[in-house]
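> As a plain string of letters, each chain reads:
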Amino acid sequence: MSATPPQNTNLDLDISKLNLKAMPRVLGRLTRLSFRYPWQWFFALSCAIASAMFNLITPRLLGRAVDQAHHLLIDGHTHPEETRSAFLQLTPALFGEATQQAFQIIIDGHAHSTGPRAALLATALMIVVACALRGTLTGLQGYWGEVVAQRVGYDLRLAFFEKLQRLSFGFHDVNHSGDLISRGMLDLEGVRAFLESGFLRAVVLLLLVSFGAWRLLGTDMNLGLIALSFVPFVAWRATRMGLLLRLSWQRLQQLMSDLTLTMEENLQGVRVVRAFACKNLELAKFDQTAQAALRLANRRITIRMGSMSMMNFAFYTALGLVLWIGGQRVSQGAMTVGTLTEFLTFMTLLQQPIRQVGMIVNSSSRASSAGSRLFEVLDAEPSIQDVPDARDWMPGEGVLRFEAVDFAYDRSLGGRKILSGISFEVSPGKTLGIVGPPGSGKSTLAHLIPRFYDVTGGRITLDGQDIRSMTLDSLRRAVGLVQQEIFLFDVSVHDNVAYAEPWAEEQRVVEAASIAQIHEHVAGLPDGYATRVGERGVALSGGQRQRMSIARGLLAGRAIMVLDDSTAAIDTTTEQRVRSSLRTAVRNRGTIIIAHRLSSLLHADEILVLDEGMIIQRGTHADLLKQVGVYADLWALQSPPVAKTTPTKKAAKNPELEVS
Amino acid sequence: MSAMRGDGGGGHGGGFGVGRHHDFGDDALTRFDTGVVRRLFGFVRPYRRILAGALLAVALATAVQVSIPLTVRYAVDSAVGHSEYPLNTVLAGFVLLIVLNGVLGYLQESISARLAQRVIFDLRRAMFAHLQDVSMSFLDQTQVGRLMARLQSDVNALQEFMENSVSAIGDFFLLLGIIAVLLWMDLRLGLLTLSVLPVLVLVRAVWIPWARPKFRRAREASSSANAALAENINGIRTVQENRREAVNFDRYRVRARENLDAQIASSQASQIMVPAVDILTGVAMGIVVIVGGDKVLTGELGVGVMVAYIFYVQRFFDPIRTLSMQYTTMQSAMAAGHRIFDVLDVPVAIRDKPAAITLKDQEPSIEFRQVTFGYRPGQPVLHDISLWVEPYQTVALVGPTGSGKTSITALTHRFYDVWQGAVLVGGVDVRDVTQDSLGHTISMVLQEPFLFSGTIFDNIRYGVPDASREDVVAAAKAVSAHGFIERMPAGYDTLLGQRGRNLSIGQRQLLSFARALLADPKILILDEATANIDSFTERDIQQALKKLLKGRTSLVIAHRLATIRDADLIVVLDHGRIVEQGSHGQLLAKGGLYARLHASSHGSFDELP
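Each protein sequence line maps, in turn, to chains A and B. Quick note, in my numbering, the first sequence goes up one by one and the last residue is 663. Quick note, in my numbering, the second sequence goes up one by one and the last residue is 633.
Just chain B, same shape as in the assembly (with noise of 0.2 Å):
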């Protein structure tokens, strides 16, 4: 059974990903980090009380089990003769003993799950809060795949080791507390019954390695079988306008027979393990009859001694059991809580100044001052860039691909910092103002619209959470999206399936049109987008855009001729420099590589080589 954990569970997030995918580095990192240990208690810290708590409710709870057997020795003990205590006074005692049995065991585990929900919530909450505040840099270089694997997996692994944990230390602690009882009821009855303990241990320090590939091969078998089931269904268009099902399920039904083959082998390794406890119990009842039996003959030991001895033999398994379970939890919990920490230690290379400003009234103007900037450390991507926007101007940014209009666009808004010089919006340095009142100043248009599960209606008001029905159905129709919204089956309220995959790619630029447009934005910044747009659609993105940019500074990275005309001033850029700037009709006179550009593109800058 051991062997399934892993494939169901995909299950616990919810996303289908296929297993999970460790390609995170290798596991070597098993070995107890004292590093991960301490870090974790740090989010425990903040519930420190409710942890001793449940520490101190794990210790009397392990008391009172260990006790319950001993009670039942005085009794017999006492049915028999051989007591001082009189049988009522001893079950008055028990009867104690199970009510704070109940009692102590309810809190014990209670609290300690709680304190693990709880401190799993701040660790994920703390993941994704941080994940807001690191830069693009990292997000656009790492996969939001790998990011959601540790959100979910690595969080859940570790769920799991803080949920067991203190229940493992419980474990413990009776294992101890049995000990303790056994010996001290009869030193000799006590270490001989105890010897079969160690086989136990040699027993499973030999199959633990042994079965341990066996289970991981039926692991990946598993989701070998699933990954091409979920392809599968995933491609079935395909498969069939290809007509492949015969092939696939010819190779599908290989795949399902090793994933057959290596969950039974899984289980044989581990219901192998059965029977060796099972004979090792057996072994020390053996001993306690024969032994404790001559003891019980010799008068030396009271029959009731034996008898708490069968119930002692016959618990003093489990614990055994669980802990060398939650040792592999331990293990997969320690890699995830490296790779979680990893996340945590992302550093925050933009934050707002503790004296940053709020940019309100400042009159809508763009500078850049010499700036030079890039992505990767010595290889600048801006060189030395100074540009003017005047307040309520739209300018155009042209160049060819990988010239820096995008980086200009992201430096305005302070997705990264810049290497040299300075980027002023309003007349304030960017990185002088509050990250906050700089989004509310600036919107983006972004060339591949994105837009989140939910209504059309809360989609477009998505920068202003509080706006109403009317405000929303306004922008909708200024932009001419209203006319295709009113037709989806619920219009406003219809539900965007997976990221708007039921409307066309102009119409979901319509939508964040719209929404740019109700933010209302002192400055627009828009990737124009002209790739995959129908023809009916693209003659509503014309009109909406002279629309949007209207009573605006604007930053358009601009494709379309008619938009390029229309800008009050633009700017050439290439391999990271201005070029050239000025009117469309001063440019074409320069005979430059704007006009260059013109010549060879007609209609449109979009697909330039």
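In isolation and in its complexed conformation, chain A is listed as follows (with noise of 0.2 Å):
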């Protein structure tokens, strides 16, 4: 059914790929984080332990009381009305006898020969009891495994978030934010999943083995080998088995995102997918990756089931092993069938936690991974932080000045200068423009500004001081960035504006959208400016976005204002509007303004135009345009051809008027 032929199908699942080595180191540090927990600790892993303890202990009741029924019938077989009427006879004094020998075999091992039948109901009260200790602690120990897990997942959730918003610019940038999530959320999981049962169930699983081969060693050498004997090969299979799931779970999960990928982008792209006729392309797209993923789930069949019934295969052939030689030996009267069934419990007791192995080394090698993707976040370190001695901007004139600034992103691009020597001064009540073709380092220079990068050369001071010795906090309240796209949160139109200033009283707020010219859309929202917003939220069209960006950046710059290119989704009356009263507003701010619509960058008092990171030209409109050069190319390109003709008187007329 496949338009394509499989390409690139190779299913080859090394165990050596996934990576080992790191495994103890991981786990380790992750078990050391639940030794915060020490009694909730030591609750479960007591808990672990007597639960196999009791779980022990069943065997060897149910041996027991198949050889107290079967010599019954050996020696009762004399007198069998007598031993019948007297077993029915249930009186509360059976039951006292009953009791006194259960403490007697408590107390000394081995009852006195008292009344079989007594002996038959102490073992089937001591099984109740058993089986209701070990259901009770076992329901403890996963209550307080929990416990533990959940508290270090809280404590690992709030680290990673922490670490998150302290980590600068340049690390997000070189990490994806579906990646960050992910680590948030599933690799947190897989290792709260392992802290939860691979650990405990290993340490249990450790028990039985040891504690149940000790019991059957000890009862007889050569059965109880044989009994034991599925053990290493169903440790093996199990391990090899959750290694290969592991490696295969991770390969699907990759085939299933692009399958995703796939499907996403075809219903997003449906006009371009219908116009073009591509269905044929798109569905071979699809084809491929889920015919691969299918096969690969194929595969993840195979493995599984076919280690499945190797390890019950093994199991059974002990199983009939210990029946064949067990059998023979009862028949000769060299061994007691209870003995042999105890036996025979045993192993189906043993059956479930070692098939477990599997799931245990599949837990650990995904909590190894997703362990060592966690703490990669947790111990970076954040590249811009506070110096020791940094001390607050006092709130002053306000003058931002670049001093000589070169910039490289030193990983993402090679080392390639992103801006070299650009100087200026900002004071307040001023406006500079920057204009530059895309990539010139306009938005980069505004990042600057707020020290979500350090420079590489130079220095940014404002008010004198260079803003590296500031602390961010300070610096960051003192300047108001308003960026192109505008990331709004699920929260209300109040809660979005106010974003910086959340204690912000309505009044501000208010003001701040006015001068944006959003309030009047706000107030004809269903509910005014407590609409939610966002992703569940209503929808607000790209020019209003911007003005909602607009008002948020208001509330926040206290000294600078820096509008990176945020008019250009406004039309053009609503930006006049939007600008004049801006420029009112921020009087007595200083406003950088990043633009290439040039009408919007008429009234600045200084204009730089960049290319390739450097400072081409600069001067105010009037000058740009005597001058010969990109800014009046520029010019001829936007204005209309009316206009073309006398474009500085009519800028010079009225400015704030202009229309592109």
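If you're looking for bench data, these hints aren't it; they were derived computationally from the structure. Since the model is a prediction, treat every value here as computed from it, not as a measurement. Any given hint might turn out to be false.
Stated by the list, open to error - Taking lysine-lysine and the DSS-like style, the derived pairs with C-alpha atoms no more than 25 Å apart in a straight line are: (1) A:Lys-282 / B:Lys-377; (2) B:Lys-570 / B:Lys-501; (3) B:Lys-571 / B:Lys-501; (4) B:Lys-384 / B:Lys-238; (5) A:Lys-282 / B:Lys-384; (6) B:Lys-501 / B:Lys-574.
Claimed, not checked - Here are the computed distance ranges between Cβ atoms for each label pair: (7) A:Ala-533 / B:Asp-460: 43 to 53 Å; (8) A:Gly-309 / B:Ile-374: 18 to 28 Å; (9) A:Ala-533 / B:Ile-374: 39 to 49 Å; (10) B:Val-271 / A:Ala-407: 30 to 40 Å; (11) B:Ser-161 / A:Glu-428: 24 to 34 Å; (12) A:Leu-640 / B:Gly-616: 28 to 38 Å; (13) A:Gln-510 / B:Val-271: 13 to 23 Å; (14) B:Gly-59 / A:Arg-35: 50 to 60 Å; (15) B:Tyr-399 / A:Met-397: 56 to 66 Å.
Every residue, glycine too, gets a C-beta built ideally from N, C-alpha and C.
Could you use the hints to bring the two separately framed chains together as a complex?
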């Protein structure tokens, strides 16, 4: 059914691709985290050990019961009527006798030759008690185990969140947000699942196997060895299966996320798909990935079921051998039938946890990779931090200076210089315009001001103080940055506008919204400022979003406003209104406007033309038009033909009302 | 643990939608729904032989599993000399059974699991293929996220159900088999031992309604904490710009704490079942010891039966647990199935007629004959439109927002069918030609350029998947995209970030021009984009446009004055009617809507109120 031949469907699963070397270190670190809750941890472990003990007692008791019944049968053959009638008299006295005998068994290890029925009853009582205790302890172990795991999960959650908030832009530039989210959700879950069950299960398993081995080998060396012979085989198969399933799971996840991407883009770009009649191409793309996923899923089934039936077979073979040899011994009288039952029940008991080896291995391997991905973030150091003796910026004049600033992103772009030798000054009430082709470094320049990145040469000062010697908090409160794309949170309009100042009074929020010309629209929303916006709230148009962004920036910036191409999506008429009200509002602040609509820059006190990170032209609008260069060319391109003839005159006449 | 099923689930499809957004109505449809099952079976029908094989394997495997403890009984009995069968015969039977158990167990699980995978694959593909054919109106009105939820979480819920179904049938048989054997070996002992089963069912019946809200709360708390994390990561730059770290951390701590409490409460609820089951197991064993012991004592029963009973008692709680878990899976699967078939039932409005012809050598003209059309019944957006576009001419569509420009272009490509009248391309009604040939005759450049993940190279040759490197480069050069592409880190092989986020909108526009140029259509439909294009790219775009329009019939939703003036014919639309037609000069002279638009706009017709 596939339109394309399968390609690159190499399903080779090589366990060595899993990073097992880091496993002890990562798992050790995770386990140490759970030691932060020593009491809960101690309870969980004690309950695990105790429940394992009661688990081990059951086969012994069942074996005893079988022996008792069997011996009764042999002894009681002579007087069947008498024994029967005696047995049916389940008098309180018999219960008393049974209880007494149970105590004796517990204290002395064996019963005195009291009534055989009392012995049976005693055993039955002890089985019920043992099962009840086992169940209660297993439940408690599960509970305390989860308490520890959830608490560690909670700690990790908070630490992860806190660290991500502190890590600088440089970190977030190279780490995709989707990847970070998956670390915080799925990897955290993987770690938690291991702490909750993987570790304790391993302890219980070890206890069961070693106590059981001790008990069986002590009873009958040879038969014990046969009974346990399936353990190493099953453990080996289960380990292999766990690792293979882990590896193929990772591969399957990759394929599934490719498939998601194919489907999602197909739906989002449906007009392109239909416009180019590419249905078959899209189906082929789908088939290629989906078929590979199907093959891998089938491969996983083979791995799992193959291992499972081999493990079952090994178990039953051992059981068969025990039956055969044990049966012969019983018939020879060399062994009681109760001991045989004990062997058989014990094997059944062990079978389940041994199979869980696969799960334990799988979960450890998952926890190991998940843990190392988490620790990678937790161990990362923010590249931009307050210096030890950082001082707050004191609200002063608010003069921003760039002094021969150089900048390069060291990691992502191979050290290419993005900005070189940038110098300028913006004083309160003044406006600096910046223009340049895409990639000329305009936005990078804007990001240097609130110190999202540190300059690689020169320095930036605010009121003469190097911004690197200020506290980040005070610096970023001084700068209001308005970006082209606003990120709206899934909260009310009010909270989105007041994002920087969550406790700002309604009046200030309304004021900011009015300046940004968004107040009227907000007031018309169903719940006014309480209307929810963002992912699950009302949709805003591009222009409305930009105006929200301006309102938000207005509330934030105390000394400097930086508008990074923030009016491009607003229609010209509204833009004029925004600009004129903005000019009044920021009268006492310095303003930097980055734009490609030159009409937005007409009133700037100075305009910088950037290219390849360097200032190639600077001056006022009128100065720049007189020069032959990029700016004049651009102006010619952007101006309407009518205006083209007398641009300077018009601009000088009434710059505020200029329409591009 | 069961409480944690929901939040890990996001990983299943690889997307990180936060939890499952169950906003598609209530989940009241949780009954066993015969309609859903019947339709689901429609997908299984092609594989019914495999299904029959799987069921046979299940039945046999169950029979074998039930027989194994029975052989243990005979083995024990013959060991103590109370059986007519010699030990070795019994053991030979045992060996046969365990071999069968291995083989049948493997077959049972793997046949059914593979079948489930296959059916799920078919189902997902059927949905995806169906979505390629459904009407654009449906897709316009449906959020992509909702459809993705159906393609992913709903399909996954169904997959889980299908995978477990066959083994659930196996568990059911196993339970019946165990009950039958217990009663057959000894009626009274069997009845007494089984008396704990109704107790367990009763306990679970009380427990489930009590525990379920706790599990739900745990799921919700977890997805709420994850949603907060995701939002904070997505908006991390805004968070840092606005110094919100401390406030956000405090708020997150509250949610994380709620999650912690909910998880612990849910763990408490699920762990409380463990002692209950174990106590009942203990009671069942106690009954076996006392009553069975009594019977052994009176010689009524061999000691082997007692041993076999002990084996069975340890097994018969498992099927009950898995079956009640399967019941929960079934409930969500039924709801998911409903939603999936909802999608599959969306009618396909536009299909090729059986005798549809292939557009090939027709002269590329476009004609609208008295077309009336709308998206919602009773609300036409185009009224009685008649339009004739000469082959190889450029026609500019001009008019305020909502005047019907986009609808005209969509009808030309037959994204929708007209209500009245007819649209003809190359002199043939578009309803009489194959959609494929229509797609190859017409290319579209959308206002919002859409790029796919992948290389720039693959994006340019999207419409022509077998285009050579030279052709792609030539097309890119023709629309002045070659320069910036070459400057990208890996040139034409640069992988585009999420939908080309590493490109400016102008650059994306140029790539979509190159794509259209490479497809070399006879007819080009172009929706000009002007907003957000930087002036530097603007220049390139204007030049590229001229190349693109040359030698083709073009329908342009024009915003730039330059484009409009160069058009052979300008069609002015208002409220779904053609109000004026003519050249730039003619229309200006006429002093109508066009002249007014022109006077109020300068440079661009884009920002009209």
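> So, for every hint listed, does it hold in this structure?
Okay, the hints, checked on the actual structure:
1. A:Lys-282 / B:Lys-377: Status holds; Cα separation ~18 Å.
2. B:Lys-570 / B:Lys-501: holds, 14 Å
3. B:Lys-571 / B:Lys-501: Roughly 11 Å between the alpha carbons, so the hint for Lys-571 of chain B and Lys-501 of chain B holds.
4. B:Lys-384 / B:Lys-238: Violated - the C-alpha atoms of Lys-238 of chain B and Lys-384 of chain B are around 65 Å apart, more than 25 Å.
5. A:Lys-282 / B:Lys-384: Given that 25 Å is the threshold and the Cα spacing comes to 20 Å, the pair holds.
6. B:Lys-501 / B:Lys-574: Judged against 25 Å, a Cα distance of about 16 Å means the pair holds.
7. A:Ala-533 / B:Asp-460: 43 to 53 Å: holds, 51 Å
8. A:Gly-309 / B:Ile-374: 18 to 28 Å: violated, 48 Å
9. A:Ala-533 / B:Ile-374: 39 to 49 Å: holds, 44 Å
10. B:Val-271 / A:Ala-407: 30 to 40 Å: holds, 37 Å
11. B:Ser-161 / A:Glu-428: 24 to 34 Å: The hinted range 24 to 34 Å is violated for Ser-161 of chain B and Glu-428 of chain A, with Cβ atoms some 57 Å apart.
12. A:Leu-640 / B:Gly-616: 28 to 38 Å: Taking Cβ atoms as reference, Leu-640 of chain A and Gly-616 of chain B lie about 29 Å apart, which means the hint holds.
13. A:Gln-510 / B:Val-271: 13 to 23 Å: At roughly 21 Å between Cβ atoms, Val-271 of chain B and Gln-510 of chain A fall inside 13 to 23 Å, so the hint holds.
14. B:Gly-59 / A:Arg-35: 50 to 60 Å: 55 Å Cβ-Cβ, so the 50 to 60 Å window holds.
15. B:Tyr-399 / A:Met-397: 56 to 66 Å: holds, 60 Å
Of the numbered hints listed earlier, those contradicted by the structure are 4, 8 and 11.
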